[in-house]
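S.K.: Sequence:
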Amino acid sequence: MEVAIALGFAILFGAIGDVLLSMGMRQNDEINIRRLSDLPKNIRIVFKRPLILAGLVMMMFFFFSYIAALAYTDVSVANPLTALSYVLVTVYAAVAMRERVNWKRWMGVSLVTLGAIFVGLSS
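With the first letter of the sequence shown counted as 1, position 100 gets the number 115 in my numbering; the numbers rise by one all the way through.
Worth flagging that the hints you see were computed from the coordinates, not collected in a lab. Check before you lean on any hint, since a few could be wrong.
What the hints assert, rightly or not - Here are the simulated lysine to aspartate or glutamate pairs, DMTMM-like style, with alpha carbons at most 20 Å apart: (1) K63 / D44; (2) K56 / D44; (3) K63 / E17; (4) K63 / D53; (5) K63 / D89; (6) K56 / E45.
Said to hold, decoys possible - Have a look at the derived ranges for each label pair, beta carbon to beta carbon: (7) E45 / F133: 40 to 46 Å; (8) A86 / L136: 30 to 36 Å; (9) L126 / E17: 26 to 32 Å; (10) Y87 / D53: 41 to 47 Å; (11) Q42 / F133: 37 to 43 Å; (12) T128 / L68: 26 to 32 Å; (13) A98 / S52: 33 to 39 Å.
These figures come from a predicted structure and were not determined experimentally. We put the CB at the ideal spot given by N, CA and C, even for glycine.
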């Protein structure tokens, strides 16, 4: 039961973190990574964006949920199951962010989900 709860939180926090990071990076075109010398300026820009900061916090929650799951199960089980966040991210991207998700992407997400189900059933 502890594994399911920890992995559930990891999946949820990971998906929310990915979406927030994506939304934060698309706020405007200030970030330009053409030269290594641009890196400090880009880091300052990134850390001024609330959506990116919120995404980083969610990824921190993902990390702690994930290591909690690792206390109860094998990494060969926990890691593939976190791939279920792909479903949440893809659905949110298609519905809320209006991304065009074609059938090939949906097929890929379906295959990942099927693989995660097989891993989950094997433990």
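S.K.: Against each hint, give a clear statement of whether it holds in the structure.
M.R.: Cross-check of the supplied hints:
no. : hint                   : verdict
1   : K63 / D44              : 14 Å, holds
2   : K56 / D44              : 13 Å, holds
3   : K63 / E17              : 36 Å, violated
4   : K63 / D53              : 16 Å, holds
5   : K63 / D89              : 38 Å, violated
6   : K56 / E45              : 10 Å, holds
7   : E45 / F133: 40 to 46 Å : 43 Å, holds
8   : A86 / L136: 30 to 36 Å : 22 Å, violated
9   : L126 / E17: 26 to 32 Å : 28 Å, holds
10  : Y87 / D53: 41 to 47 Å  : 43 Å, holds
11  : Q42 / F133: 37 to 43 Å : 39 Å, holds
12  : T128 / L68: 26 to 32 Å : 30 Å, holds
13  : A98 / S52: 33 to 39 Å  : 36 Å, holds
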